[in-house]
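Asker: Can you build the whole structure from these sequences, using the hints too?
Residue numbers (this note's numbering), protein chains in the order written: chain G, 18 to 264; chain X, 25 to 303; chain U, 342 to 604.
To be clear, the hints were calculated from the coordinates, so they are not data collected in a lab.
Keep in mind the model is a prediction, meaning the values are calculated, not measured.
The beta-carbon is built from N, C-alpha and C at its ideal position, and this holds for glycine as well.
Treat the hints with care, since some could be wrong.
Pair ranges (Cβ atoms, derived) [as the list claims (entries may be wrong)]:
1. G:Arg19 <-> U:Val365: 52 to 60 Å
2. G:Thr53 <-> X:Val120: 28 to 36 Å
3. U:Lys406 <-> G:Arg19: 44 to 52 Å
4. U:Asn590 <-> G:Asp181: 19 to 27 Å
DSBU-like, lysine-lysine: derived pairs with alpha carbons at most 30 Å apart [stated by the list, open to error]:
5. U:Lys570 <-> U:Lys499
6. U:Lys406 <-> X:Lys281
7. U:Lys579 <-> U:Lys561
8. U:Lys570 <-> X:Lys206
9. U:Lys453 <-> U:Lys406
10. U:Lys561 <-> U:Lys499
11. G:Lys257 <-> X:Lys41
12. X:Lys206 <-> U:Lys567
13. U:Lys579 <-> U:Lys499
14. U:Lys406 <-> U:Lys436
15. U:Lys561 <-> X:Lys206
16. U:Lys436 <-> X:Lys189
17. U:Lys436 <-> U:Lys499
18. U:Lys579 <-> U:Lys593
19. U:Lys436 <-> X:Lys206
20. X:Lys206 <-> U:Lys531
21. U:Lys531 <-> X:Lys189
22. X:Lys281 <-> G:Lys101
23. U:Lys593 <-> U:Lys570
24. X:Lys41 <-> G:Lys101
25. U:Lys561 <-> U:Lys531
26. U:Lys579 <-> U:Lys567
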Amino acid sequence: MRRTLLRYLPLLLLAIVWELAARFELVSNTALPPLTDVIRSWVELLLDGELLTNSVSSLYRIGAGLGLSIVVGAVLGIAMAWWKPVNVLIAPIVEVFYPVPKSALIPVTVIWLGYGDGSKILLIFLGCMVPVTIGAFNGARASEQVLVWSARSMGASKLRVLWDVVVPGAMPELLNGIRTAVALSFILLVSSELIVAQKGFGFLIGSLGAGGSYSAMYAVVLTVAFLGFAADRVYLQITKRTLAWRD
Amino acid sequence: MAGLEQTTAGRDGLPEKAARLAVIILWAGARVFSIVVLLAAWEILARSGTFTPYQLPALSAVLERIWSDAVNGDLAINTALTLYRALAGFAICAVVGVAIGMAMSRNVIADWFFDPIVSVGFPMPKIAFLPVIVLWLGVYDTAKITMIVFDAIFPVIAATVLAIKGVERELIWSARNMGASKRELLHQVILPAASPQIMTGLQVALPLSLIVAVVAEMLMGGYGLGGAMMTAARFANSTSVFAGIVEIAVVGYVLIKAMALTRRRLLLWHPEANAPATA
Amino acid sequence: MPENAQIVVEQVSHMYRPARGREVLALDQVSLTVQNREFVALLGPSGCGKSTLLYLIGGFLPVEKGAIRVDGQNVGGPGPDRGIVFQHFALFPWKTVRGNILYGLERQGMAKDERENRAQDFIEMVGLSGFEDSFPSQLSGGMRQRCAIARTLAFDPKILLMDEPFGALDAQTRGLMQRELLAIWQRTPKTVIFVTHDVQEAVYLADRVAVMSARPGRIKTIVDTKFDKNDLDIFKNKFFVEKVDEIWNLVKDEAIKAQGKRA
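Answerer: Set out below in C-alpha cells:
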C-alpha cells in the first residue's frame with residue numbers, strides 16, 4: 018500500500034501545484050480553473066444527469082464497436098493463419114488498410130451513417146479490427162509446430178487441433194492485440210465525438226467548452242481520460258488470470 | 025541451404041518445373057488479385073446504382089478529384105501543412121522523449137517523477153485534452169503541434185526506458201572491463217545498444233503524429249488534409265472526402281516506408297538484417 | 342598463503358539478492374590462491390557460484406564479505422588488467438569484428454597506427470582474416486567467440502577470466518576452440534581462471550582444477566592436472582582418463598545435489 022502511494026505521489030504533487038497555481042492566479046483562471054472548482058463541477062454534472070446520459074451513450078458505442086471487432090477480428094485472424102486461401106485473399110486487404118489513419122475515416126462514417134451512434138460504432142469497429150486481427154494472426158501462426166504434431170499424433174483431428182492447441186497458443190498475442198484495441202476504441206470514440214456528435218463525452222466536452230463552462234469541461238476531460246486508463250488496468254487484471262499458465 | 029534444392033535436380037522434367045513456377049506465380053498473383061478485385065468491385069458497385077453517388081462515389085471520380093487537386097496546387101498546400109505539423113511535433117517528441125527516457129534511467133528522481141505520469145498517461149485517450157490545449161493556445165499551429173507532442177511522446181519515452189534497461193549486462197561489463205568511463209559507456213555502448221528499440225518507439229510515434237495532426241485539423245478547420253476533409257464533408261462533397269482518405273493514406277504509407285528504410289540503413293548491423301555465415 | 346601469489350581470494354562469501362524473492366547464499370567462505378601464469382579451472386554444477394566468483398574477481402560485483410587481492414591490491418572495480426570473456430560473447434553488435442577488437446585499444450589511448458596494426462595481428466591470430474568488416478550477426482557462433490577472445494587478448498590483460506566461453510558452441514567447434522586456446526596460452530602465457538561444468542574440458546586445459554560444491558558454493562578440492570597436453574589423442578590417454586574419473590567422482594555428488602535444489 019505504501020509503495021503504491023509513493024509511486025503515484027508525483028501525480029498528487031501535480032494536483033497540488035495545479036490547485037495552487039490556479040488559486041494564486043499564476044495562470045489565468047479561465048484557462049486553468051482551480052482543481053477544486055473542477056471537482057465541484059464534476060459533482061454537479063453527475064447530479065443533474067448530464068454526465069450519466071452522455072457516459073451511457075459513449076460506453077455503449079465503445080462496447081458495441083469493440084465487441085464486434087474482437088469477435089470478427091479474432092475469427093478472421095485465426096482463419097487467416099490456419100487456411101492459406103483465406104490468408105492469400107484477406108492479407109493484402111489488411112496490409113492496405115493497416116497504414117490508413119483510422120481517424121481519417123471519421124467524415125466518411127458520418128456520410129454513411131450520420132451523426133448518431135452508427136457512425137461511431139462503425140468507426141470503432143473498423144479501427145479496432147486491425148490490431149485484433151493482426152494479434153490473432155500472429156498468435157495463431159506462432160503455434161509451435163511440435164505442439165501441433167504432438168496433438169495430431171495423439172489422434173486429434175485438424176479441427177480439434179485448431180481448438181485445443183492453436184487457439185490457446187494464440188491467446189497471448191491476441192490478448193495483446195485486444196489491449197491495443199481497447200485503447201484505440203477510446204481514442205476513436207473521443208476523436209469522432211469531438212468533431213461530429215450530438216451525444217457522448219466528446220460532444221459534452223465540446224458544448225461545455227463552447228458555452229464557457231470551463232471547469233465542467235475539465236471535469237469531463239479528466240473523466241474520459243481516467244476511464245481510458247481504468248479500462249486498460251482492468252483489462253490487464255482480467256487477462257493476467259487467463260494467462261496464468263504462461264509463467 | 026543450396027544443397028537441399030539439389031536433391032531432386034536432374035530428375036525433374038519440364039512439366040514438373042513448369043508446375044512449380046505456375047504455383048509461385050499464382051500465389052503472387054493472388055495477392056495482387058484481392059486488391060484489384062476490391063478496386064474493381066468499388067467501381068462497379070458505385071456505378072450500379074445500389075448506392076447514391078453521395079454514399080459511394082466512383083473510384084474513377086475520386087481519382088479524378090485527386091488529380092485536379094494536385095494540378096491546382098491544393099493537394100500540395102494541404103499535404104505540406106499537415107506534414108509540417110506532424111513532422112515538427114514528431115521531431116520534438118523524438119528529442120525530448122529520448123532525453124526524458126535517458127534521464128529516467130540514470131536519475132532516480134527523474135524516474136520517480138515521470139514513471140507514474142507515463143504509466144498513467146499512456147493508455148489515456150489524450151486527444152480528449154485537445155479542447156484544453158485549444159483553450160490555452162488558440163487554434164493555430166502551436167496548439168496542433170503541442171497536441172501532437174503530448175500524444176506521441178509517450179511511446180518514445182516508454183521505448184527509450186525499456187531499451188536502456190534491456191541493454192545486456194555483459195555488454196556493459198565488457199566495456200567497463202576495457203576501461204570505458206561512465207560517459208563513454210553511455211554514448212559508446214548503452215545508446216547504440218538501445219537504438220533498435222528506441223527506433224521502434226519512433227516508428228510508432230511517427231504515424232501517431234500524423235493521425236493527431238489530422239484529427240486536430242478536423243476539429244479546428246482551416247487548411248491541411250484534415251481541415252480540407254471536414255470542409256468537404258460540411259459541403260456534402262463526398263468525392264472530396266473519399267479523395268482525402270486516399271491522400272492521407274498515401275502520406276501515411278510513405279512515412280511508414282521512409283521510417284522502415286531509415287531503420288534498415290541505420291541498423292545494418294542488426295541480426296534482423298543478416299543471416300549468419302558459416303566458417 | 343604464498344605471498345607472491347598473483348590472485349588471493351580470502352574467505353569470500355556472496356549473497357545473491359534477486360529483485361523478487363528471497364536472498365540466497367551463493368558463495369560460502371571461498372578461499373583460493375592463483376599463481377602468476379597459472380591456468381586454473383573452476384569446475385562445478387549449475388548454480389554453484391563459479392561464475393559469481395569470477396565476477397567478483399573481475400570487479401563486476403562488490404566483495405561484501407572477505408577479500409580479493411590482485412598483486413597485493415584489493416579489487417575495486419573492473420579494469421583492463423583482468424580481461425573477461427563471456428559465454429554469449431558480449432560483442433558490440435553495431436561494431437564490426439575490427440571495431441570490436443579496436444575498442445579496448447582505443448580506451449587505452451593507443452596511437453592510431455599502433456592499434457590498427459595490433460588489431461589486425463589478433464584478427465589473424467584467431468583466424469578471422471577476411472571477416473574484419475563483418476558484423477557479429479553475420480558470423481557463426483565459433484567465429485563470434487574467436488572475435489571475443491581476440492578482443493580481450495588484444496589489450497593484453499595480465500589475467501584472463503573466462504566464463505564458460507565455449508558453452509554456447511556445438512561440440513565440434515568446442516573441441517577446436519579448446520585446442521586453439523591451449524595453443525595460444527602456451528605461446529603467450531597468462532594467468533587464466535576458466536569457469537566450466539565440463540570435466541574433460543577442465544582437465545584438458547587447466548594446471549589445477551578447483552572443484553566446487555553445489556550451492557552455496559565452496560571449494561571442495563583442488564586437483565593437480567598439470568601434465569603434457571600435446572598428445573593428439575589426449576582424450577584417450579590413460580593418465581588423462583584417470584584424472585577425469587577422479588574429478589568426475591568428486592563432482593558427481595554435487596551435480597545430483599544441484600539437480601534437487603533447482604527451484
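Asker: A separate judgement is required for each hint: does it hold in the structure or not?
Answerer: Cross-check of the supplied hints:
{"no.": "1", "hint": "G:Arg19 <-> U:Val365: 52 to 60 Å", "verdict": "26 Å, violated"}
{"no.": "2", "hint": "G:Thr53 <-> X:Val120: 28 to 36 Å", "verdict": "31 Å, holds"}
{"no.": "3", "hint": "U:Lys406 <-> G:Arg19: 44 to 52 Å", "verdict": "31 Å, violated"}
{"no.": "4", "hint": "U:Asn590 <-> G:Asp181: 19 to 27 Å", "verdict": "47 Å, violated"}
{"no.": "5", "hint": "U:Lys570 <-> U:Lys499", "verdict": "23 Å, holds"}
{"no.": "6", "hint": "U:Lys406 <-> X:Lys281", "verdict": "56 Å, violated"}
{"no.": "7", "hint": "U:Lys579 <-> U:Lys561", "verdict": "25 Å, holds"}
{"no.": "8", "hint": "U:Lys570 <-> X:Lys206", "verdict": "43 Å, violated"}
{"no.": "9", "hint": "U:Lys453 <-> U:Lys406", "verdict": "43 Å, violated"}
{"no.": "10", "hint": "U:Lys561 <-> U:Lys499", "verdict": "27 Å, holds"}
{"no.": "11", "hint": "G:Lys257 <-> X:Lys41", "verdict": "51 Å, violated"}
{"no.": "12", "hint": "X:Lys206 <-> U:Lys567", "verdict": "41 Å, violated"}
{"no.": "13", "hint": "U:Lys579 <-> U:Lys499", "verdict": "34 Å, violated"}
{"no.": "14", "hint": "U:Lys406 <-> U:Lys436", "verdict": "38 Å, violated"}
{"no.": "15", "hint": "U:Lys561 <-> X:Lys206", "verdict": "39 Å, violated"}
{"no.": "16", "hint": "U:Lys436 <-> X:Lys189", "verdict": "21 Å, holds"}
{"no.": "17", "hint": "U:Lys436 <-> U:Lys499", "verdict": "25 Å, holds"}
{"no.": "18", "hint": "U:Lys579 <-> U:Lys593", "verdict": "21 Å, holds"}
{"no.": "19", "hint": "U:Lys436 <-> X:Lys206", "verdict": "19 Å, holds"}
{"no.": "20", "hint": "X:Lys206 <-> U:Lys531", "verdict": "29 Å, holds"}
{"no.": "21", "hint": "U:Lys531 <-> X:Lys189", "verdict": "35 Å, violated"}
{"no.": "22", "hint": "X:Lys281 <-> G:Lys101", "verdict": "26 Å, holds"}
{"no.": "23", "hint": "U:Lys593 <-> U:Lys570", "verdict": "24 Å, holds"}
{"no.": "24", "hint": "X:Lys41 <-> G:Lys101", "verdict": "22 Å, holds"}
{"no.": "25", "hint": "U:Lys561 <-> U:Lys531", "verdict": "25 Å, holds"}
{"no.": "26", "hint": "U:Lys579 <-> U:Lys567", "verdict": "15 Å, holds"}
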